[in-house]
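Just add 1228 to the spot in the sequence shown (first one is 1) and you have my numbering.
Rather than coming from a laboratory, the hints here were simulated on the basis of the structure.
Keep in mind that this is a model prediction, so the values were computed, not measured.
The beta carbon of each residue, even a glycine, is placed where N, CA and C say it ideally should be.
Wrong hints could be hidden among the right ones.
SDA-like mimics (lysine to any residue), calculated; alpha carbons at most 20 Å apart, straight line [unchecked claim]: (1) K1373 / L1351; (2) K1386 / Q1353; (3) K1373 / L1332; (4) K1354 / A1365; (5) K1289 / D1270; (6) K1242 / F1257; (7) K1288 / N1339; (8) K1283 / P1247; (9) K1243 / Q1258.
Label pairs and their computed distance ranges (CB to CB) [stated by the list, open to error]: (10) E1327 / I1375: 18 to 28 Å; (11) M1306 / G1338: 40 to 50 Å; (12) D1341 / K1242: 19 to 29 Å; (13) I1387 / R1305: 34 to 44 Å; (14) K1242 / V1372: 12 to 22 Å; (15) E1358 / G1385: 27 to 37 Å; (16) D1343 / I1231: 14 to 24 Å; (17) G1385 / N1304: 31 to 41 Å; (18) E1335 / I1387: 16 to 26 Å; (19) K1243 / I1363: 20 to 30 Å; (20) E1235 / D1343: 33 to 43 Å; (21) D1240 / I1371: 16 to 26 Å; (22) R1261 / E1327: 19 to 29 Å.
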Amino acid sequence: GNITIGEFSSRDVKKREIPYLRRQLGIVFQDFRLLRDRNVYDNIAFALVVTDTPKNEMPKKVMRALAEVGLSNKKNRMPFELSGGEQQRVVIARALVNEPMVILADEPTGNLDPDTSMEIMMLLQKINSEGTAIIMATHDYEIVKKIPKRIIRIEKGKISS
């Protein structure tokens, strides 16, 4: 098979092109993977630092991502001061900050209560409606059924749509 993201094809992507391909992807982890020694703002800015974004562009991009997830007022908080839902929103903001074409979300609601899980799903749906593709892995089929989007299931090694 072949996977195409923007101008990159898995058939012929060159090693030197991989950093540019990664800029087209945002990653949302189940276990948040926030940097404990950095505040919310710096956790999001980290994604810009590793992609060599010019420093003068960072504040605007970070604040735009924070606004998108509704956490502008939490930029100076440390991760341990946030609820699980707020931490997941920071992770989503970090995934969004480089304006990727695709967000890969691995069990984004796995560590959250049902109400917070639904809030995160609605946020991902909003992001998707604004033009970012969302590819999500989850075991929570009940929450997925509540979102009117295409569902691809993999069960016992077989793919169904």
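Here's how the hints hold up against the structure:
With a C-alpha separation of about 16 Å, the suggested pair K1373 and L1351 falls inside the 20 Å cut-off, and the hint holds. Using a Cα cut-off of 20 Å, the hinted pair K1386 and Q1353 is violated, with the two alpha carbons roughly 26 Å apart. For the suggested pair K1373 and L1332, the alpha carbons sit about 19 Å apart, so the restraint of at most 20 Å is met. The suggested pairing of K1354 with A1365 holds, with an alpha-carbon distance near 18 Å, which does not exceed 20 Å.
Straight-line distance between C-alpha atoms of K1289 and D1270 comes to about 12 Å, which keeps the hinted pair within the 20 Å bound. Taking the CA atoms of K1242 and F1257, the gap is about 26 Å. The hint is violated against a cut of 20 Å. In summary, the hint linking K1288 to N1339 is not supported, as the alpha carbons are separated by about 30 Å, beyond the 20 Å threshold. Between K1283 and P1247, the direct Cα distance comes to roughly 19 Å. Compliance with the 20 Å bound is thereby established for this hinted pair.
A hinted pair counts as satisfied when its Cα atoms are at most 20 Å apart, and K1243 with Q1258 does not qualify at roughly 28 Å. Range check, E1327 to I1375: Cβ separation about 22 Å, and the 18 to 28 Å hint holds. A hinted range of 40 to 50 Å is violated for the C-beta pair M1306 and G1338, which are about 23 Å apart. Distance hint for D1341 and K1242: a CB-CB separation of about 44 Å, inconsistent with the stated range 19 to 29 Å.
Restraint check, I1387 to R1305: a C-beta distance of roughly 41 Å satisfies the suggested window 34 to 44 Å. At roughly 36 Å, the beta-carbon separation of K1242 and V1372 lies outside the given 12 to 22 Å, and the hint is violated. Judged by the Cβ atoms, the range 27 to 37 Å given for E1358 and G1385 holds: they are separated by roughly 34 Å. For D1343 paired with I1231, a C-beta distance near 34 Å fails the hint of 14 to 24 Å.
The hinted window of 31 to 41 Å between G1385 and N1304 is violated, with their beta carbons roughly 47 Å apart. At about 19 Å, the beta-carbon gap between E1335 and I1387 stays in the expected band of 16 to 26 Å. The hint said 20 to 30 Å for the Cβ distance between K1243 and I1363, and at roughly 23 Å that hint holds. In this structure the supplied range 33 to 43 Å holds for E1235 paired with D1343, their Cβ-Cβ distance being about 40 Å.
Here the CB-CB span from D1240 to I1371 is close to 37 Å, at odds with the stated 16 to 26 Å. For the hinted restraint 19 to 29 Å between R1261 and E1327, the CB-CB distance of approximately 20 Å keeps it satisfied.
Checked against the numbered hints given earlier, this structure breaks hints 2, 6, 7, 9, 11, 12, 14, 16, 17 and 21; the rest are met.
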